[in-house]
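**Q** Spelled out, the chains give:
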Amino acid sequence: MKSVSIAWLSIAMVFIVASAHGAGGGSATLQGALEMARDGRKTEALGILRRLTAEDSSNLDAWNGQAALQAELGDLDGARISLEHALVVRPDVAVLSRNLEKICSRQARLAYDSAFGTPSRLEPLSLELPTEPSLAPVVDRSGEVDSLRLALVSANLQAREVSALRDSLAERDREIVRLESARPGAASAVMASASPVARAAVPAVRSPTPARRGGISAEGSRSDPIQAVKAWAKAWSDRDVEAYIASYAADYHPAGLSRRDWEEQRRDRIRTPGWIKVEVVSPVLHRSGPDRAEVVYRQVYQTQGVRLTSKKRIGLTISQGEWKIEEEKEAR
Amino acid sequence: MRRPFKRAMFFTGLCCVSWVLASDHHTGATAPDSAESLLVRTLDAIRAERLDLALARSDTLVRRQPDFRLAQLVRGDILLAQTGKLDRFAGPRSTDPRAGGLRDEARARLRRYAQGPPQDLIPRNLLLPPSDAEAVLVVDSRASRLYVFRQEAGEWKLDGDHYVSIGRKGTDKQSEGDQRTPLGVYTLAGRIDHVDPYYGKVAFPLNYPNEWDVREGRHGHGIWIHGTPLSTYSRPPRTSNGCVVLPNEDLQSIQPLFQTGKTEVVVSDSVAWVGRDEIDSVRQSLERALDSWKTDWASNEVDRYLSHYSDEFRAGDQDLQSWETEKRRVAQGKTWIKVGCTHLSIMMVPGETNLAVVDFDQDYQSNNLSNQMRKRQYWRLENGAWKIVFEGTPKLS
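Heads up: the protein sequence lines correspond to chains H and E, in order. According to the working numbering, the first sequence is numbered sequentially starting from 7. According to the working numbering, the second sequence is numbered sequentially starting from 10.
Just so you know, these hints were derived from the structure itself, not from any lab. Be aware that one or more of the hints could be misleading.
In silico DSSO-like pairs for lysine-lysine, Cα to Cα no more than 30 Å straight-line [said to hold, decoys possible]: (1) H:Lys318 <-> E:Lys94; (2) H:Lys108 <-> E:Lys94; (3) E:Lys210 <-> E:Lys303; (4) H:Lys283 <-> H:Lys317; (5) H:Lys108 <-> H:Lys317; (6) E:Lys94 <-> E:Lys271; (7) E:Lys384 <-> E:Lys347; (8) E:Lys384 <-> H:Lys317; (9) E:Lys396 <-> H:Lys335; (10) E:Lys404 <-> E:Lys384; (11) E:Lys303 <-> E:Lys336; (12) E:Lys384 <-> E:Lys166.
Chain E on its own, in the form it takes in the complex (with noise of 0.2 Å):
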């Protein structure tokens, strides 16, 4: 049977043109009238039973965004459905590879609408992200995410989110070409203005491998943030060969806070939101023990200091056992130290258990020796007690 048509659409249009404009309030920090937004009232329409709105909507959408396939394929669904002749998501072209992924990437915006980010918590990687850096990026792959966290009055507040893709092949990257986006803790290690249009207008490459990465055995280079083509809005979720994806007008509106060798991007599988008491605990709990290091170094008894290093640690060529013999031998000449430690940041590695990342600036001085540094540790929490695995200076680049 032939299916006719929604009559009314004309003046709903017209209505739902100006609703769209003077509705301006949102507790997302998404724009109302970013692309996204439109998207997912699209999709509501939809799911209202209302045609015509969403037909409107979508109107909207690909007139503000017509390089957005998402949006492109939705209204194709809309307009099908007005002739009776669409039967599934992408209606006649839902053979087609790329198909899966605009509905991955459907899925992925309209959860975060459904769910949003928490308000009040923060993810648990945060525990004191670096004072002199304006921004932290955190990643959350599974929900295809970055969340933009400023400072604020010396606490870390969400200053938006944004739609992003990652591997072909997931997170956990272990090797060059392996299609997957890396898990962990990264610097933004430079600025790319001239890229292949490919990767949009802009890139950030990041620190990886970072000591961590290298540490582990882990290699592969050219893990970068940037952009899309400059004829497609946004990928698919699981489009890059490792990179960090996003829309060109999300990473353009961004990038003002990028700070090379300051910024960090925490790369996550499932962010953990937590509480300020949380973060407060386990960073006073790591504030200690870095304390009681500090202490028991300047106090040149060695037993107690290499107590605070785990039979895992490994830096470099040296392992425990090359570190003690070292240290025992540097010991002997000294008659006095003195630690300090500033501008300390402490970031939980995700995709480890109970594994942080400890920066500061090292003012060591000695009847011996004196020198400032800045030194990156790796605590791991070991039967109720923070130990260090690694010692070293960050690797930038």
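Bound conformation, chain H alone (with noise of 0.2 Å):
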């Protein structure tokens, strides 16, 4: 319990020198709660703090403190949910990344634990508090997504399994449509023997239709800009040219070419290899506001005697009603 008052001090301090976020007037409040949970009034000391989050989402400190008191209150759901209200505004900070990750072990835990009826006796978790401000960036995200596929390989869920279920679910399940409709290779093969719903979903190949013209799907894409890329994707791996560039947004200018010339490039080069496959792996969704959305995935690009992988970043905004890119770059 020392070590935590001792935190909620410093904390407090870094906001009497630095102030870093919020308005002034903030900072005085939040000293105050902290002071109250230092002084073990930890769920008045909460509601300030809730407060202050409602007052200024963009409050990470406040986020971070809100998290740290619910997570030693036992909430750690609401905890996981603040770090993760924090990492929208600032996906970048690596102290609330660390939090989040020691919140997800404890709850991996204790959902282990429930699931083989083992309870185990567990201090309340206390989160890191910083003395200063922690900006360091965080990367490579890559593989968490493989490492819980290969454990559901290694439950021994079979392929066909797999595409039958999928094939189902695609049946029943429009929201599902809409995630798979988008992915290369198996899944859609699998989905274009499926229902009427999932073939309206994944237009034939070369056919182009209303829909496809417009790139995506309009109510898939208003939705989900992860959704959006994978459908950009898949436009360039049937060499769909004109799917590919109805993905940009109309104001889309690539560095150091026109948008006439580009275009002209790309149609070049995305109709010229017999095959290309590019796959989206472990996409990643930035909502940076109602119209702006940033998606951050591993890109495996192939074709004959080719295989590039690369980070990428892209950003999408909306535009008439359906997400497009407005920027594409290389992450770090």
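Taking the hints as your guide, dock the two standalone chains into a single complex.
**A** Right under this line is the structure:
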């Protein structure tokens, strides 16, 4: 408990010294909340922190403090959501990520304990409360999804079962159809033979339909930037240049080329190889506003004799109700 | 290298929750908000590479069903994957002997969603279920599934299916303590309201060993349909001592259909689903055989009557020879016989080749004796002809 108090004191000091986030008046209240927590009035302190984060959702230290209090009080779900909220604002703050990792580890342990009926006695979780701003960027989340897939594979879930499952879900469940519809390779082969709904979501290759001309189906894209990126990758893989170009916002301007020259160059590069396969691996969505999003992912580009893996960062914006690419770059 | 996290989980979580609530259309019989359906959607989100969605769905799931062990395990995996430390199913607990059972449960539940019960087909066993029963239950041990059929305008229609666990050592029970679930056609023999909480809230004994089991020399007792311990949502596929175990909420939802002495439970290793045509043709061939047996009996021509019995006939202490001797003796005193058969039911017996159990109310009248009884016969197809291999009364407990 003592170390926690020291931590609370130190974060209070950060705010006196740095006052890096939030309005001037807010920091005094934050300080008050932290003192309260130190005095053991944690529930009351949590109330103040909640108000602070509600007033200014970019107040990262308030979020972090709120998460730390929630974790101490045993509300791990709440703590996780607080940190996730903070990370939506600033995805690259290492201390937030480390705290989130702590919570996930603890929650995983509790879940396993429930699964196996082996409750273990655990100390309340104390999170890191930094004494100085810790903004070291975090990178590379590839492999995260892979490891879970590996786990499922080790559970002997047969590929056939997986396809059949996807097939049957496609018929029932438009949401999943939308999630899946832009996946390259095997998934689309399964979808092609599935229900009318599934078929509608995956237009036949090289038969431009009104929906296809827009690059991606309007409904799917409006709700999901990741879906838009996957649709774009699929258009690329299908060498469907019109759909590929339609995935970009009208005012997309690549560096060093006119829009017209860029389009020509893309047409040429996409149509020349006999086949292309572009995979979007481990996409992560960052929402920077109601109509702005960024998707970071690992891209695996393959064509005859070539396999390139790179980290990509795609900026998207809503244009006429659809997510369109407005920026494209290598990440880091 | 350290693995960072998803940052968009918060928003996606909100979307997910509203979506789960909004989705109410399913072709499958399982309710869209059932724990199983949420579990399957969680796993599907993982496959769609949407850990954020998977985590949000698992949140919803364990909030609804905190005692669903498999759900907790999957959630543990999802959370641990966020930290990059998951390397296999059940992560650091993969060596726990119970992990294998939970993995099997995951597979069984997923398979249900991958394949689903066939539409417009019915199990080959249900040739003519008893017309006075509200429901018939069919257990498919390999699928870890119990199907409920209800009568609707004279036809048996699928009315839901449920995950079940069976005996540790599988099926084909032969003896006391072998931890197997019997294969065959059984009848609910009662209802026990005050059971040890380990068995849930209520239990329904089956009439194992039935007359066929006795004929085959099988023994043992205490084969029930029951629920799960009150703190456990469901158990892995093979965990009972031979009973058929359903999650408590599932058993609660179907038990109003149960009728002691009437509800039949067909326990099969692998249900063969067939079309109405095939059901009709097999049923009609059995009905013709039964008709012909009845006519020949009423004609009092003993040779013709005995031609319906198999060389393998056995019932209680009698074999074909002692049966024949008795029937010839009895026939001598008859001047006339009338035989009526009503309330017929015909089921194919699982675990056997072309064996049918035939029940009917027999109204027997003759010059010197009349009686009414519920009769049970087992007919086997031998060289293209149905022959009686057992005859007696149903053993209902």
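**Q** E:Lys384 and E:Lys166: Cα distance at most 30 Å?
**A** 26 Å, holds
**Q** If you draw a straight line from the CA of H:Lys108 to the CA of E:Lys94, is it 30 Å or shorter?
**A** 12 Å, holds
**Q** Within a Cα-Cα threshold of 30 Å, do E:Lys404 and E:Lys384 meet the stated pairing?
**A** Within the cut-off at roughly 10 Å; holds.
**Q** Sort out whether E:Lys336 lies within 30 Å of E:Lys303, counting only the CA atoms.
**A** Between E:Lys303 and E:Lys336 the Cα gap is close to 14 Å, so the pair holds against 30 Å.
**Q** Given the hinted pair H:Lys283 and H:Lys317, is their Cα-Cα distance within 30 Å?
**A** 16 Å, holds
**Q** Does E:Lys384 pair with H:Lys317 here, judged by a C-alpha cut-off of 30 Å?
**A** This hinted pair is violated, its Cα atoms lying about 75 Å apart.
**Q** Would you check the hint for E:Lys396 and H:Lys335, treating anything up to 30 Å between C-alpha atoms as holding?
**A** With Cα atoms ~79 Å apart, E:Lys396 and H:Lys335 exceed 30 Å; violated.
**Q** H:Lys108 and H:Lys317 were given as a pair; does the straight-line alpha-carbon distance stay at or below 30 Å?
**A** 26 Å, holds
**Q** Is H:Lys318 within 30 Å of E:Lys94, Cα to Cα?
**A** 24 Å, holds
**Q** Given the hinted pair E:Lys384 and E:Lys347, is their alpha-carbon gap at most 30 Å?
**A** OK: E:Lys384 and E:Lys347 at ~16 Å, within 30 Å.
**Q** Holds or violated: E:Lys94 and E:Lys271, Cα atoms, limit 30 Å.
**A** 54 Å, violated
**Q** When you check the alpha-carbon spacing of E:Lys210 and E:Lys303, does it fall within 30 Å?
**A** Not OK: E:Lys210 and E:Lys303 at ~46 Å, beyond 30 Å, violated.
Of the numbered hints stated above, those contradicted by the structure are hints 3, 6, 8, 9, listed in ascending order.
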